[in-house]
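Residue numbers (the numbering used here), protein chains in the order written: chain A, 1 to 252; chain B, 1 to 453.
Just so you know, the hints here were simulated from the structure itself, not pulled from any lab data.
Quantities reported herein were computed from a predicted structural model and do not represent experimental measurements.
The beta carbon of each residue, even a glycine, is placed where N, CA and C say it ideally should be.
Any given hint could turn out to be false.
What the hints assert, rightly or not - For each label pair, taking beta carbons as the anchor points, the in silico distance ranges come out as:
{"no.": "1", "chain 1": "B", "residue 1": "S378", "chain 2": "A", "residue 2": "G228", "range": "38 to 46 Å"}
{"no.": "2", "chain 1": "B", "residue 1": "S378", "chain 2": "A", "residue 2": "S147", "range": "25 to 33 Å"}
{"no.": "3", "chain 1": "A", "residue 1": "S147", "chain 2": "B", "residue 2": "K139", "range": "48 to 56 Å"}
{"no.": "4", "chain 1": "B", "residue 1": "K419", "chain 2": "A", "residue 2": "S116", "range": "39 to 47 Å"}
{"no.": "5", "chain 1": "A", "residue 1": "G64", "chain 2": "B", "residue 2": "E389", "range": "29 to 37 Å"}
{"no.": "6", "chain 1": "A", "residue 1": "H239", "chain 2": "B", "residue 2": "T357", "range": "49 to 57 Å"}
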Amino acid sequence: MLEIKDLKVNIEDKEILSGINLKVKAGEVHAIMGPNGSGKSTLASALAGRDYFDITEGKILYEGKDLSELSPEDRAREGIFLGFQYPVEIPGVSMVNFLRTSLNSMREYRKQEALSAGDFLKLMREKKEVVEIDSDLTNRSVNEGFSGGEKKKNEIFQMALLEPKLAILDETDSGLDIDALRIVSNGVNNLRTPENATIIITHYQRLLDYIVPDYVHVLYKGRIVKSGDKSLAKELEEHGYDWIKQEVEAKV
Amino acid sequence: METLTTTDKYLDLFDEKQKEITQFDAGFVTKLREEAIASFRETGFPVRKEERYKYTHLEPVFDGELSFEFHPRDIRFDDQELFRCDVPMLDAEVLTVLNGFFHNPGGEALTQLENGIIYGSLKEAIKTHPGLVEKYLGKNAQTADESFVALNTAFSQDGIFLYVPKGAVMEKPIQIIHLLLSDKNQMVHHRNLFILEESAKAEVIICDHTLSPQMFLTNSVTEVYTGANANLDLLRLQNEHNNSCQVTNTWIKQERDSRCQHGTITLHGGMVRNNLRISMEGEGAETSALGLFLTDKMQHVDSYTVIEHHKPHCTSNQYYKGVLDDTSTGAFNGKIHVHPDAQQTEAFQTNNNILLTDTARMHTKPRLEIYADDVKCSHGATVGQLDTEALFYLQSRGIPKDESRLMLMDAFAWDVISKIQQMALVIRIKDLVGQRLRGELSRCNNCAMHCDE
């Protein structure tokens, strides 16, 4: 589904990603862990199509297509979803209008008919149940006045509504209390199918108790320096990142 | 040949046409004109270096070749057929002003309701209710303070008069449609006078439109009195063509516990200057001033506001916003003046602007002059671009970039529109602004003249 080949990314002449290689197949859950400043969020942004940085080398292939040729909206319409670390507040844009425009834009891309207001509200109710979200979203602006937990739950709710093939969840666990964490993880687990894939970007192992990954990768100084299965996450939890850093330095 | 200054040109015009101008005047009106022209002679036409006209150079426009009618020309057109400035769900009393003259062929020039409310032609009101008009006309709008008020007072012939006596409520909103229609470039001065006595209530919507492609210069004055505990909503919708120039002067005087909301929505117009003066002269008065303009191409919109807090416990809120595209320009100059007596004043002002291109320009200047010590005042002004984070968020949900930008602009404008009190107007204006932002609103949408084509 996704193949990242030797990806190098600069922000204002500073190299942030220094050659990432990663393959993700349908049905898989990958966790990308790493200390602060290792380039995790930049990787997520590169996949979703932010343009404040330059891809200097390498390629991102998604279902065989070169992603650099697609706008952020077309990536989304092709099935890529980014769960934001900091969901943006947009005063004046109503949640319902936003979600409906979003969903219908996706449907138009897939040559499906737009959903009527009634059908859309019905779908919203269904999806709210799937992800166990009870916040009242009508009469509110996008993320405006939402608590930290509500914002993250809202991201998962959007994911449920848009049914992406590839979901990238950027630090979705940060700032969540244990109840919110459980709701968010249940949401992700409920949405998991053999046809879609998930990349979970996180600093802590905690989330991986709830969402069990097939692969764990450690990102450090813009490279994946270690890959393994879920036991790697446990090791990181017990020993921190220092031993990885030492291992990397020793090789140099 | 000696070149005339703009000031001389208008002084000469007054001298030359004085007989025609004052032909149907009541004595007190002629006196007002003479005082106004004396005052204009004193102050002259605002020059470029004058701070408050720094960004809006009106001299070249006023210097242009413009015809000027002192009597209504017989223009036949059925306004109902040709023009609809429609607000669905709004059952309004529609008054038409054509080239500055009240236009109601075959109908009454002035309507008087059972509860004493009077509305219609100002010219007619001067004739039939001279005492009432004399008490208010020219008492608020200061000729010495504003050259354009002086010019208007000297030259204007007609406009709309509205009188709501003590305790009366004007049930239907009054919709005034200012139409410009001519076969030559034309200057128009018209004058509105709205009087709301104690505890009176009214709602007025003013729509400014052009019906022919000629260059129009409008210099209008609207004088408003809201008596104690009176309640007025006044909204102006400007939608003239982009080869026109409009100077509006709105002077509102508020007595004790009165409430007034003034709004200006500018959709089209080549050069627009809106002067708004609100003077709160009784305790506990409350005022809000809304402004929203959307410009593109070479348009220019300049909002100049002065809010005077004379007495304690008054509240004023100003929300002004602009969205500027292409090489359009704008200015906001907003003053809050809290006089020494005006303790416990609450005065707020925000002016936020979005530039859609590198070539659009906005000048914003909030001014606070506070001479009382127990007050709450704040102001904030911003000039920026659309929020790129928000834009990316919308795009990342599959919404195309253009659509995402429009959603953000709609939201930006909504902040002002949502503060309008009358729901039918909120819906209509939201729709018009949305169309304008999408480039779908031609000012001629509602007009059968099609003078662009």
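Against the structure, the hints:
Distance hint check for B/S378 and A/G228: the Cβ-Cβ separation is about 56 Å, which falls outside the suggested range of 38 to 46 Å. Our hint of 25 to 33 Å for B/S378 and A/S147 holds, since their Cβ atoms are close to 27 Å apart. Evaluation of the 48 to 56 Å hint for A/S147 and B/K139 yields a pass: the beta carbon distance comes to about 55 Å. Checking the proposed 39 to 47 Å range against B/K419 and A/S116 shows it is violated: the Cβ atoms sit about 31 Å from each other.
Between A/G64 and B/E389 the Cβ separation comes to about 31 Å, which falls inside the hinted range of 29 to 37 Å. As the Cβ distance of A/H239 to B/T357 is approximately 54 Å, the hint placing it in 49 to 57 Å holds.
Going down the numbered hints, you'll see the structure goes against 1, 4, while the others check out.
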